[in-house]
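Undergrad: Residues per chain are reported as follows:
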Amino acid sequence: MSKAQPPWNGRRWFQIGGITIQVDADRPITSQTFAPKFEAFAVDGPGSDTVFIHHRFGLPDLQGRNLGRQVYRKTPWAVFERPDAWFYLGIAMDPDDTRLFAFAEFDREHSRGTIWSPTDGRFVQGGLNSLTTFPTDQIVLARVLADRRACYLHSSAGIVKGAGLLFLGHSEAGKSTTAGMLDGYAEILCDDRNIVRRWPDGFRVHGTWSHGEIPRVSAASAPLAAIFLLSKAEENRLVKVTDRVRLATVLAACMIKPVVDVGWWEKSLDLIETMMNEIPCYEMRFDKSGAIVPALLDLARSFSPTTRAEGAP
Amino acid sequence: MSPSLAPDVRVRHSDDVVARLIEGELLIVPLMSGVGDLEDELYTLNETGRAIWEKLDGSRTIDDVAREMAREFDVAEETARLDVANLVEELLGRKILVAG
Numbered sequence: 001m002s003k004a005q006p007p008w009n010g011r012r013w014f015q016i017g018g019i020t021i022q023v024d025a026d027r028p029i030t031s032q033t034f035a036p037k038f039e040a041f042a043v044d045g046p047g048s049d050t051v052f053i054h055h056r057f058g059l060p061d062l063q064g065r066n067l068g069r070q071v072y073r074k075t076p077w078a079v080f081e082r083p084d085a086w087f088y089l090g091i092a093m094d095p096d097d098t099r100l101f102a103f104a105e106f107d108r109e110h111s112r113g114t115i116w117s118p119t120d121g122r123f124v125q126g127g128l129n130s131l132t133t134f135p136t137d138q139i140v141l142a143r144v145l146a147d148r149r150a151c152y153l154h155s156s157a158g159i160v161k162g163a164g165l166l167f168l169g170h171s172e173a174g175k176s177t178t179a180g181m182l183d184g185y186a187e188i189l190c191d192d193r194n195i196v197r198r199w200p201d202g203f204r205v206h207g208t209w210s211h212g213e214i215p216r217v218s219a220a221s222a223p224l225a226a227i228f229l230l231s232k233a234e235e236n237r238l239v240k241v242t243d244r245v246r247l248a249t250v251l252a253a254c255m256i257k258p259v260v261d262v263g264w265w266e267k268s269l270d271l272i273e274t275m276m277n278e279i280p281c282y283e284m285r286f287d288k289s290g291a292i293v294p295a296l297l298d299l300a301r302s303f304s305p306t307t308r309a310e311g312a313p
Numbered sequence: 314m315s316p317s318l319a320p321d322v323r324v325r326h327s328d329d330v331v332a333r334l335i336e337g338e339l340l341i342v343p344l345m346s347g348v349g350d351l352e353d354e355l356y357t358l359n360e361t362g363r364a365i366w367e368k369l370d371g372s373r374t375i376d377d378v379a380r381e382m383a384r385e386f387d388v389a390e391e392t393a394r395l396d397v398a399n400l401v402e403e404l405l406g407r408k409i410l411v412a413g
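Top line first, the protein sequences correspond to chains Y and C.
Mapping to this note's numbering: the first sequence position 231 is 231, numbers consecutive.
Position in the second sequence counted from 1, then plus 313, gives you this note's numbering.
Bear in mind the hints are in silico, worked out from the structure with no lab data behind them.
Watch out, some of these pointers could steer you wrong.
Unchecked claim - Straight-line Cα separation of at most 35 angstroms, DSBU-like style, residue types lysine-lysine; simulated pairs:
{"no.": "1", "chain 1": "Y", "residue 1": "K267", "chain 2": "C", "residue 2": "K408"}
{"no.": "2", "chain 1": "Y", "residue 1": "K288", "chain 2": "C", "residue 2": "K408"}
{"no.": "3", "chain 1": "Y", "residue 1": "K232", "chain 2": "C", "residue 2": "K408"}
{"no.": "4", "chain 1": "Y", "residue 1": "K74", "chain 2": "C", "residue 2": "K408"}
{"no.": "5", "chain 1": "Y", "residue 1": "K161", "chain 2": "Y", "residue 2": "K232"}
{"no.": "6", "chain 1": "C", "residue 1": "K368", "chain 2": "Y", "residue 2": "K232"}
{"no.": "7", "chain 1": "Y", "residue 1": "K232", "chain 2": "Y", "residue 2": "K267"}
{"no.": "8", "chain 1": "Y", "residue 1": "K37", "chain 2": "Y", "residue 2": "K74"}
{"no.": "9", "chain 1": "Y", "residue 1": "K288", "chain 2": "Y", "residue 2": "K232"}
{"no.": "10", "chain 1": "Y", "residue 1": "K288", "chain 2": "Y", "residue 2": "K240"}
{"no.": "11", "chain 1": "Y", "residue 1": "K240", "chain 2": "Y", "residue 2": "K267"}
Let the hints inform the model, and build the full structure from the sequences given.
TA: This is the structure in C-alpha cells:
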C-alpha cells in the first residue's frame, strides 16, 4: 500500500439519531463521494454506538449460497432472512429479468453490513444520496433504530427556544410548508423525515438527511416538547388530541418501516404507546398564511426543555 | 349470512399481522406490505369487532361465532350472522384473517 493512501482509504463517520455510521469502501472515499447534505452529520470518529458499512464492487457469486427464506419481494428489493443474517438483493422491474443489481449482507442486528455494487462507477462519480447506496438508508436504519427505542417518522421538525416540535403528516400534508413558515423562528431539523428516540431522560427529536422540498438539514436534536398532526384548514389553531386510537393510528401510519417482522412492530408499538403517554399532541389546523406561527411559538415558550438527556448527543 | 361465505367456514388470525389493544380498540398492523410508510393498511376494531376477532381462532365456524355474539351482546342471531360475515369478508380481503 502506498504511503499516500492511508489504510482506512478515506473512512468516514456520520452520526444520526445518536448512532454513528462508519463507512468504508474498497475505493477511496472523498469529500465528493456523498451528497453535501451529509456534511452536517459528519463526525470525527466512531461513537459508543456504531454501525459499520463496507462497500465492495463487483457482485459476488450467489450460486449455492444459503440465503435463508425470502421475507420480502417487491421491486427493487428481494430480502432474505437467516437466523444470523439478512440479505438484500437489488432486483429488476421485469420479473423475468433475473439479473442482480446490488447485494448486501447484514448481521442479525443490522449493525454490520457489506454492500456490493456491480461496478464502482457511481461511487467514484460521487454525489451519492445515501450512505448505503440504496435508494434510501431508511430501509437499514429503521431496523437499527427500533432496537434503540427509536423510529423514523414521516414528519418535519424544528427547534424553537430549545423545544423540539414535530409535525406529522404524509405527502402533501404541509410538512415543508410548516418548515418554511417556521424559518427564522426555529432551527429546522428536516422537512420530511425525523427520528424520535426515547433516551433515559425522555424523548428527543433528531434531524435526518432525508429531506423533502427544503434541502437544509440539521444533525441537531432537542427534547421533544409536542407532536402536531397536520391538518390543512381555513383556520389557524391548535386543538389538543385526546383520541388515543386516532393518535396511535397516525403515529403508526407515519412510521417508516424496514422489512418488518413481528418483533419490529412489537417494539415500535411499545414506542408509540410510550410516546402517547409522555408527549402532548395537538391537531394543527392551519392555512398557508403563517398565522399559526404565533400559536406554535407561544406553545414552545410554555415548555421548559429538560436538561440534556443522559447519553444523548 | 353473506352469500359468498359458508356458515361452516373456519378462519383464524393471519401470522402476518400484529395486534395491539389501545383504549379498548384493537389496532391491527400488517407485516407483508411495502417498505416505506403505511397509508391505508392499518385497521382498527371497536369493542364489538374485537369480541368477534377474539373468537376467530380457527376452532369455531362463522356460524358458531355469530351464535355466541348474539348471546353475549343480546342481538338477533340473523343480525349477528350478517355482521360477523361482513367483518370476516373484509378481514379476509385484507389478508388479516386466513382460512382456519
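Undergrad: Please go over all the hints and tell whether each is borne out by the structure.
TA: Hint by hint, here is what the structure shows:
| no. | hint | result |
| --- | --- | --- |
| 1 | Y:K267 - C:K408 | 22 angstroms, holds |
| 2 | Y:K288 - C:K408 | 40 angstroms, violated |
| 3 | Y:K232 - C:K408 | 33 angstroms, holds |
| 4 | Y:K74 - C:K408 | 17 angstroms, holds |
| 5 | Y:K161 - Y:K232 | 25 angstroms, holds |
| 6 | C:K368 - Y:K232 | 41 angstroms, violated |
| 7 | Y:K232 - Y:K267 | 31 angstroms, holds |
| 8 | Y:K37 - Y:K74 | 28 angstroms, holds |
| 9 | Y:K288 - Y:K232 | 8 angstroms, holds |
| 10 | Y:K288 - Y:K240 | 21 angstroms, holds |
| 11 | Y:K240 - Y:K267 | 26 angstroms, holds |
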